[in-house]
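Undergrad: Protein sequences appear in the order of chains A and B. Count the first sequence with the working numbering and you get residues 1 to 204, in order. Count the second sequence with the working numbering and you get residues 1001 to 1191, in order.
Where hints are given, some of them may not hold.
[Said to hold, decoys possible] Computed, partial: chain B to chain A, Cβ under 7 angstroms: (1) Arg1011; (2) Ala1025; (3) Ala1033; (4) Leu1034; (5) Gly1036; (6) Ala1037; (7) Leu1040; (8) Ile1044; (9) Ala1045; (10) Arg1047; (11) Arg1048; (12) Leu1115; (13) Leu1144; (14) Gly1147; (15) Ala1160; (16) Val1180.
It should be emphasised that the hints constitute simulated quantities derived from the structure, not laboratory data. None of the values given here were measured: they were computed from a predicted structure. Even glycine gets a Cβ: it sits at the ideal position worked out from N, Cα and C.
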Amino acid sequence: MASYHTDGSLLERCRAGDPAAWDLLVARYRRLVWSVILKHRLRDETREDIFQQAFSALVEHLDSVREEGALAAWLTTTTKRLCWQASERGRRDAARETALERDDGTRTDPADTRQDDADFARLTERQLVRDGLERLGGKCRELLEALFGSAGEPNYALLAERLGIRVGSIGPTRARCLEKLAGVLEGLGFGAGAAAREKSPETD
Amino acid sequence: MTDPTRQPQPRPSIAEIEALLRGDAGFEPPSSALSGALGLRSRIAARRADAPSLAAKVGDLMDLAGARFVEWLGLSPDTALAGVRDDRGAEIVDAAIPGSDLVLVAERSEGEDALVRLVGEFRHASGTAVRGRIAVLDADNRVLADGELDAFGMFSLTLAGNARRVVFMQRGAEVNGAVVIDLAGASRGGA
Chain A
1 MASYHTDGSL
11 LERCRAGDPA
21 AWDLLVARYR
31 RLVWSVILKH
41 RLRDETREDI
51 FQQAFSALVE
61 HLDSVREEGA
71 LAAWLTTTTK
81 RLCWQASERG
91 RRDAARETAL
101 ERDDGTRTDP
111 ADTRQDDADF
121 ARLTERQLVR
131 DGLERLGGKC
141 RELLEALFGS
151 AGEPNYALLA
161 ERLGIRVGSI
171 GPTRARCLEK
181 LAGVLEGLGF
191 GAGAAAREKS
201 PETD
Chain B
1001 MTDPTRQPQP
1011 RPSIAEIEAL
1021 LRGDAGFEPP
1031 SSALSGALGL
1041 RSRIAARRAD
1051 APSLAAKVGD
1061 LMDLAGARFV
1071 EWLGLSPDTA
1081 LAGVRDDRGA
1091 EIVDAAIPGS
1101 DLVLVAERSE
1111 GEDALVRLVG
1121 EFRHASGTAV
1131 RGRIAVLDAD
1141 NRVLADGELD
1151 AFGMFSLTLA
1161 GNARRVVFMQ
1171 RGAEVNGAVV
1181 IDLAGASRGG
1191 A
């Protein structure tokens, strides 16, 4: 398995002034932060501002985010807060101050946290898959990212050439890599999230 | 004895993993947003430059003149440091600091997270704990990390790749109290 830098080690390197560690942290959590932002009705430029504000907040609070495993939750909570603040600023109707309008048109009482819990579980699950892929590393990571990472059908011939395998081996290799990833995810507790989802309705 | 309240967790299904992988590309932020976040690296790099010069800090407390300069794992007759590398690849020092009643016991090793750490303690030759401040410096004497020894005289430091020396300033020893440990020439640790 390729070398993997824990959040704790990257944060410590950032505190010591290592910009390469920062690049790795942004790469690791960019989709998590963006997925939180997408759950809120905001203009494109506001979304991009919030994306930068969330990571800027992390730079400011590097010295306080120390608990291993807490960074994903910290970024999620910080991003949500920034989105709510942006929504509040854009809200003109005082009657809507007691509710948040969701993308599907339904309204949720901010005091009702059940949807937030389900959303957070789903966000956490996705981030676990990204984390698992990063820990997997090597050709498996490269293959799975190429097969699933872009819209449309991948170019198998180019992919096989890049990975140094036969085109006919892509299918079996894909299956083996997914099994390996499943093993990594099991170790990261991915199954716990799936079990919890069976008890509560899923609304992604 | 198994915990009856612990429910076995299902192994993630391949179909579920595929679905999450397939949908993940939709959460890629626009490149303009991403470059903005990556641009914050300049603030990270500035943390190193903003670290106050230890020379200035030491100047507030004591003069570096008269400090004990020693080499990690050095075997020079002018030093009393003697280091060994154990079978884990860690470098261990257990030696008296020349010209003082201080003893340094410390281990320098590389963890599984690829970080090199220096962990140990300063104590008096009598065995009693020493208090003071310890710092890691780069080649320009800029502070990369610093902290206080705890009540037992122990410390734990992360050595960044550009760490060149460790300075210890004993509390209450305002004259000739600093110890400077030169890390140059030592390995990064590991087997």
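Undergrad: The structure should be examined with respect to each hint, and the outcome stated for every one.
TA: Consistency of the hints with the structure:
Contact between B/Arg1011 and chain A, as hinted, is supported at the beta carbon level, the nearest pair being about 5 angstroms apart and thus within 7 angstroms. For B/Ala1025, the interface hint holds, the least distance from its beta-carbon to any beta-carbon of chain A being 5 angstroms, beneath 7 angstroms. About 4 angstroms separates the beta-carbon of B/Ala1033 from the nearest beta-carbon of chain A, less than 7 angstroms, and the hint is met. Because the smallest distance between the Cβ of B/Leu1034 and any Cβ of chain A comes to about 6 angstroms, under 7 angstroms, the interface hint for this residue holds.
Satisfaction of the interface hint for B/Gly1036 is found here, the shortest Cβ-Cβ separation to chain A being roughly 4 angstroms, below the 7 angstroms cut-off. Below 7 angstroms, beta-carbon pairs count as interface contacts, and B/Ala1037 has one with chain A at about 4 angstroms; its hint therefore holds. The beta carbon of B/Leu1040 comes within 5 angstroms of a beta carbon in chain A, closer than 7 angstroms, and the hint placing it at the interface holds. Because the smallest distance between the Cβ of B/Ile1044 and any Cβ of chain A comes to about 4 angstroms, under 7 angstroms, the interface hint for this residue holds.
Of the supplied interface hints, the one on B/Ala1045 holds, with its beta-carbon coming within about 5 angstroms of a beta-carbon of chain A, less than 7 angstroms. The beta carbon of B/Arg1047 is positioned within 7 angstroms of a beta carbon in chain A (closest approach about 4 angstroms), and the interface hint is therefore held. Annotation: interface hint on B/Arg1048 holds; nearest CB of chain A at approximately 3 angstroms, less than 7 angstroms. With a least beta-carbon distance of about 5 angstroms to chain A, the hint placing B/Leu1115 at the interface is held under the 7 angstroms criterion.
Here the hint on B/Leu1144 is kept, as its CB sits about 6 angstroms from the closest CB of chain A, short of 7 angstroms. Annotation: interface hint on B/Gly1147 violated; nearest CB of chain A at approximately 12 angstroms, more than 7 angstroms. Hint on B/Ala1160 holds. Least Cβ distance to chain A is approximately 5 angstroms, under the 7 angstroms limit. Among the interface hints, the one on B/Val1180 is violated; its C-beta lies about 20 angstroms from the nearest C-beta in chain A, farther than the 7 angstroms criterion.
Violated hints, listed in ascending order, are 14, 16; each of the other numbered hints is respected by the structure.
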